[in-house]
Amino acid sequence: MGREKYVFINKTLCTGCGDCTLACSFEKEGLFQPVKSRIHIVEGDLAGFTPQICRNCEDAPCLDACPAGAILRREGSGSIYLDEAKCVECNMCIMVCPFNAISRGDGTNLKCDTCDGETPCVKSCKLGAIVLVDPDRDSKQKRRKMLKMLWQE
Amino acid sequence: MRIVIIGSSAASKSAVETLQRSGVDDIDLIIITKDKTPYYSRVILPNYLAGYLTEEELIFYRIQSSKGKTPEIIHGVVTGVVPTDKKVLLADGRQIGYDRLLICSGASPSVMLPERSPGETIRGVCHFRNIEDIYQISDLLQDTKDCVVAGGGLIGLKGAVALNHLGKHVTVVHRSSQLLSTFMDRQGSDMVYRILNNQGIDFILSDTIEGYETKEERLSGIALKSGNKLDAQLAVWAAGVSPNTDFLKNSGIEIDNGICIDDYMETNIEGIFAAGDVTRAKNLLTDEPDTITLWTDATLQGKVAAWNVLGVKKRYIGGLTMNSVVFDGVPFISMGIIRDADIINDQVFTFFEQERSVYRKIVLRDDRIIGAVFAGDIRYAGMVNWDLKSKRKIKNGKRYVSLSGLEDVFREHHAELMSQHDLTDANKED
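In the order they appear, the protein sequences are chains A and X. Per the numbering used here, residue 61 is the first one in the first sequence, and the count goes up by one each step. Per the numbering used here, residue 982 is the first one in the second sequence, and the count goes up by one each step.
Bound conformation, chain A alone (with noise of 0.2 Å):
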C-alpha cells in the first residue's frame, strides 16, 4: 500500500477496446456488462476514442450537490468516492458532472472509486493508456508547466 492514487486514461493512447469497462464491471458488479462499468468510451470516427471517467475534481461539483452524503472525499489523496449504501439515485450529482463520469445503475449511481489502488482496468489496458496517477506529482507537474507557460511568455 502506497499513497492513494486515482485513475488518469490517455486518450492519445486509447484503442476503444473497451476491455478496461469489461475488467471494471466484473470488478464491481461480478458481470461482463460494459453498462455496469466505471469507465465508458465514447466511440468517435477522427476524433478518437474519448474514455469517460471520474477526474476526481479538487472542486468537485457532485458532492456539493449530493443531498444524501453519499459522495465523500477521503482523506489524503483528496480523491472523490461514492458511497453506493447511502445513494438514494436522485441524479443530482449527474446534472451537475461535466464528465459524464456518472452513470446511472440498478440501486445505486455508479462512479469510479478508485478501488482502493487495485485497479483491475490498469492492469487490463493492453497499450498502458490508463494510468494510476499520484495526486501529488499530478499537481506538481501542472504547477511545473504553467510556470513554464508563464516564462515563456
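Hints listed in this document are in silico derivations from the structure and should not be mistaken for laboratory results. Don't be surprised by glycine CBs; every beta carbon is placed ideally from N, CA and C. You may find that some hints are simply not true.
As the list claims (entries may be wrong) - One side of the interface only, derived from the structure: several residues of chain X facing chain A at Cβ under 10 Å: (1) Tyr1116; (2) Val1293; (3) Asp1368; (4) Lys1372; (5) Leu1387; (6) Arg1392.
Claimed, not checked - Sample of chain X residues lacking proximity to chain A, with all beta carbon distances greater than 12 Å (derived): (7) Ala991; (8) Ile1025; (9) Thr1065; (10) Arg1075; (11) Met1093; (12) Ser1119; (13) Ser1162; (14) Asp1183; (15) Cys1241; (16) Ala1279; (17) Gln1328; (18) Val1365; (19) Glu1388; (20) Asp1389.
Given the structure of chain A, go ahead and fit chain X onto it with the hints provided.
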C-alpha cells in the same frame, strides 16, 4: 478569528468544509442550530417517510475536527443579532460573540396552517419541510385512508409518491393547470402526470383548498375553491417556502424577501454574511435578485461565503434553477429557463420518443443555452449544465437533443480540454 454560523444544513455544511480546507489555522468555529440532529437532509425526507431510509441515514454530514480543532455546536433558537456588539442572542438568554457571522437560517413553509383555536392547529393538517413534520405525518397515518397533498411541485409530488407507497389514497391539489409548473415544461409535466396517475395518485388541477371539515377535532374533509369536497384525514401542505428572517427584524440587516447580499455574499453590515435559502441573491441568467431555494445553490453560496468570510474575495456567479427527480424509474432533470411561458423569441430544439419515454429540450438565446430538459435518458445533462453556466456560444443547438450529437459535443469539449491542459504526461517521472 471567531466565526459563528447560524443554521445546519446545505449552505452551512459547505461553508464549514470550505473553512476547514482553506488552510487558515486560527479559526474558532461555532455553529448554532435549532435542529435536534444537525445536518439532516430535508431533500430526502420523502424517502424517510416511505421507509426507504432510517433516521440515521438522513444525516448527510458529520462535523469533523480539523487541525486539532473541533467546531462547537450550540443547540438553541436565535432571537436576534446585535451588530454593534457583535453578538448573537439566543432564546434561552445566552449571548454568543462573533468576529464574523454567517447566516444560513434557511426557509420555512410560507403557508400558515389553519387554526382550530388560537395557537392550536387542526389535527391532520401538516407541513412537509422538517423532520418534525414527518414524525407528525407518521403519527397520523395509522388512522388515515385518504390524503390530500396541497401543491404539485417537486416536494409535493415526492410526498405524494411516498404516501401512495404506504398504501394511502392520495389526491394532489395544484393551483396551476400544470404539475411541476416551475420545474418542467408542459411536455415534461404531462409525462410525470401519466406516470403518477398510473400509480394510482389522483390530481385536481387549477384548484386550491378553501376550507377544512373536522370530526372529533380531527380533519375529515377538504373543501375546494371550485366547490368540490374531498374526504381526507390528512392534508399535507407543500407549497413554497419563505426565508427565515424574522429574528433579524431589529438588526439593521437589509431584508427584502430574503437577506439582501452583494456578489460577495456580504450583507449591508460589514462582517455579516449570508448563504442558502435565506438569501436573495443574483440569478445567473437574468442577473436580477432572485430567491432560489435549491440544494445546489445553497452549497455554492456557502462555499463562496466562506471564502469571503476569510477575506478572500470570491465572486458569486449567480444561482441557476435546476433540479433532478425520478418517478417510477424515469429520471427527470431540468435547468434554467424552460417554461413555455418564458420562452418568447428563443430557439427551441426538442426530441421526443414515446416508447422509451425519452425527452430532451434545449432552449437557446443569442446562441447560448439558457435552458434544458432531460427525461428518460439523462446522460450528458451535466455537460449541458456546464455549457449553460459558462455561457459558451453554441454552434448547432440541434446536436444537443440527440444522443449521438451529445457524444460529438462531448468529444469536442474533451479534445479542447486536453489541448489546453495537456495532461497526457501527468504521470511521467520527474
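Hint-by-hint comparison with the structure:
1. Against a cut-off of 10 Å between C-beta atoms, the interface hint on tyrosine 1116 of chain X is violated, since the closest Cβ of chain A lies about 20 Å away.
2. Because the closest C-beta pair between valine 1293 of chain X and chain A is about 14 Å apart, greater than 10 Å, the hint is violated.
3. Hint status for aspartate 1368 of chain X relative to chain A: holds, with the closest Cβ pair at about 9 Å, below 10 Å.
4. Because the beta carbon of lysine 1372 of chain X sits about 14 Å from the nearest beta carbon in chain A, more than 10 Å, this interface hint is broken.
5. Interface restraint check for leucine 1387 of chain X: the shortest CB-CB distance to chain A comes to about 9 Å, inside 10 Å, so the restraint holds.
6. Taking 10 Å as the C-beta cut-off, the interface hint given for arginine 1392 of chain X holds, the closest approach to chain A being about 5 Å.
7. Consistency note on alanine 991 of chain X: stated as away from chain A, yet its beta-carbon is not over 12 Å from all of that chain's, at 7 Å minimum.
8. Its closest Cβ contact with chain A, about 5 Å, brings isoleucine 1025 of chain X to no more than 12 Å, contrary to its assignment away from the interface.
9. Non-interface call for threonine 1065 of chain X relative to chain A: holds, since the shortest CB-CB distance, roughly 35 Å, exceeds 12 Å.
10. For arginine 1075 of chain X, the non-interface assignment is confirmed: its Cβ lies about 29 Å from the closest Cβ of chain A, beyond the 12 Å cut-off.
11. No beta-carbon of chain A comes within 12 Å of the beta-carbon of methionine 1093 of chain X; the shortest separation is about 27 Å.
12. Once the 12 Å rule is applied to beta carbons, serine 1119 of chain X is consistent with being away from chain A; the minimum gap is 19 Å.
13. At roughly 20 Å from the closest C-beta of chain A, the C-beta of serine 1162 of chain X stays outside 12 Å, upholding its exclusion from the interface.
14. At the 12 Å boundary, the C-beta of aspartate 1183 of chain X stays outside the reach of chain A, the nearest C-beta of that chain being 25 Å off.
15. For cysteine 1241 of chain X, the condition that its CB be more than 12 Å from all CB atoms of chain A holds, with the nearest at approximately 24 Å.
16. Distance check on alanine 1279 of chain X: its Cβ comes as close as 9 Å (rounded) to a Cβ of chain A, failing to clear the 12 Å threshold; non-interface status is violated.
17. With a closest Cβ-Cβ approach of about 23 Å to chain A, glutamine 1328 of chain X is found to remain outside the 12 Å limit, as its non-interface label requires.
18. Remark: the non-interface label on valine 1365 of chain X conflicts with the geometry, its nearest Cβ contact in chain A lying 9 Å away (cut-off 12 Å).
19. The Cβ of glutamate 1388 of chain X does not lie farther than 12 Å from every Cβ of chain A; its closest approach is about 5 Å, which violates its non-interface assignment.
20. Annotated as non-interface, aspartate 1389 of chain X brings its C-beta within 12 Å of a C-beta of chain A; the closest such distance is 8 Å.
The structure fails to meet hints 1, 2, 4, 7, 8, 16, 18, 19, 20 from the earlier list, while all remaining hints are met.
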